[in-house]
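Asker: Protein chains in written order, with my numbering: chain A, 1 to 216; chain B, 1 to 216.
Hint data in this document are derived by calculation from the structure and do not stem from the laboratory. Where a beta carbon is used, it is the ideal one built from N, C-alpha and C, also for glycine. Hints may contain errors.
Short, incomplete list of chain A residues facing chain B, as computed with Cβ under 8 Å [as the list claims (entries may be wrong)]: (1) Y64; (2) M81; (3) A184.
Where chain A lies over chain B, by a calculated footprint (3+ residues, C-beta under 8 Å) [unchecked claim]: (4) 84-98; (5) 160-171; (6) 184-198.
2 protein chains.
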Amino acid sequence: MRGELQDELARVTSSLVTMAKAVREAMRQASTALLAADPTLAQQVTVRDAEIDVLYRVVEDRIYEVFADRSPDPVDLRKVMTALQVASDLERMGDLAVHVARSALRRHPVPAVAPELAHLFRAMSTIADELAGKIVSALADQDAELAGQLDGDDDAMDELHRRLFSVMLRPDWPLGVEAAVDGALLGRYYERYADHAVNVGRLVMLLSPARPAEHA
Amino acid sequence: MRGELQDELARVTSSLVTMAKAVREAMRQASTALLAADPTLAQQVTVRDAEIDVLYRVVEDRIYEVFADRSPDPVDLRKVMTALQVASDLERMGDLAVHVARSALRRHPVPAVAPELAHLFRAMSTIADELAGKIVSALADQDAELAGQLDGDDDAMDELHRRLFSVMLRPDWPLGVEAAVDGALLGRYYERYADHAVNVGRLVMLLSPARPAEHA
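Isolated chain A (complex conformation) (with noise of 0.2 Å):
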């Protein structure tokens, strides 16, 4: 029984990441339909955020199949509500990429990243997509540190966004009133985007086997 309960755990954090993968690869495309103007991809971030939202509910579901038939300890328990907490942060992240993707497409085929904002764009893409990477192996390794490193790379997303604000809000910014809510708003997503990362970071350092006392 105890072991069963065990490959039903592992099942659910499979399950998260499949779902991380998704939406790594979700602003990862996001990303370079906003950068590159290209409406095709931008909707194809519309269908894999679909595919995430179905991962939510399996992951969902295959949680409430682990207390179907059994009772949980403390342990457990707190293990698994943490897996939906990280599930709810990463369908918040698919959501982002969306909106990333619509960005895009609300101004084609005008670029919705003015050229003297790409550069910056660019730099908050990659260290989105670090994060995102981070979060998969952490998941799938069980990695406690490499969660714990989340909080710190977070910074530069903070630092980029500072930029970001200060070039738009410069009195000769040439660009006008439209590119700057747009930047605006963009910004704001990939900021969001990473603090839900840090957020699963956390999530994942307490459901990795580093905690003390766990099944001792």
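Place chain B on chain A using the hints.
Answerer: Quick look at chain B alone, frame taken from chain A:
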């Protein structure tokens, strides 16, 4: 034993009600601070958000305590997980109130809301307050019907959000980039606040006794 469990679940719900009241008050203060450019009130929102974060931990701890010395059946487990998701949405709504308050502080003594946009933000803050008020009542009374209304109420927020952007992106927008960037971000904070409120509504519908086959 069964009776005790129900008492403990009721205590979890009671903490959620307290949290929802604090979240409502935080956004109410933030909106007043924003529209009246009142820095003292804006600062109070941060204090209130710290209280909300403490309440979030209280809810979490109570949830874990519920199962510290007993095994949940699947129905109770689902309730508890739902309560945890409600707490997480409420915590986010508190953060969004802080974002609104910070916008008010950032431009002080200049109002962060341009006079051209004040009527829209007044309307958005009214809807935000109504949504939060319904959450408080729906949680307190376990009222699935009231919780179900939140989805429709959110449409009014979305419509105001659209009007906000149409005003700012008009070619004759007179107030420049900074006012538009502020407007775009503030609009997003209210819209997200409403999204979380709708999500809480859906969760409260799951928590409420109207749901069939509970404790049959």
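Asker: Counting residues of the stretch 160-171 of chain B whose CB is closer than 8 Å to a CB in chain A, do you get three or more?
Answerer: Contact hint for the stretch 160-171 of chain B vs chain A: holds, 3 residues under 8 Å.
Asker: Quick check on Y64 (chain A) please, does its C-beta sit within 8 Å of some C-beta on chain B?
Answerer: holds (6 Å)
Asker: Does M81 (chain A) pass the interface hint, meaning its C-beta sits closer than 8 Å to a C-beta of chain B?
Answerer: holds (6 Å)
Asker: How about the stretch 184-198 of chain B: do at least three of its residues have a C-beta closer than 8 Å to a C-beta of chain A?
Answerer: holds (count 3)
Asker: Does the stretch 84-98 of chain B contain three or more residues whose Cβ lies closer than 8 Å to a Cβ of chain A?
Answerer: holds (count 3)
Asker: A closest beta-carbon separation below 8 Å is what the hint needs, so does A184 (chain A) meet it against chain B?
Answerer: holds (4 Å)
In this structure, none of the earlier numbered hints is contradicted; all agree with it.
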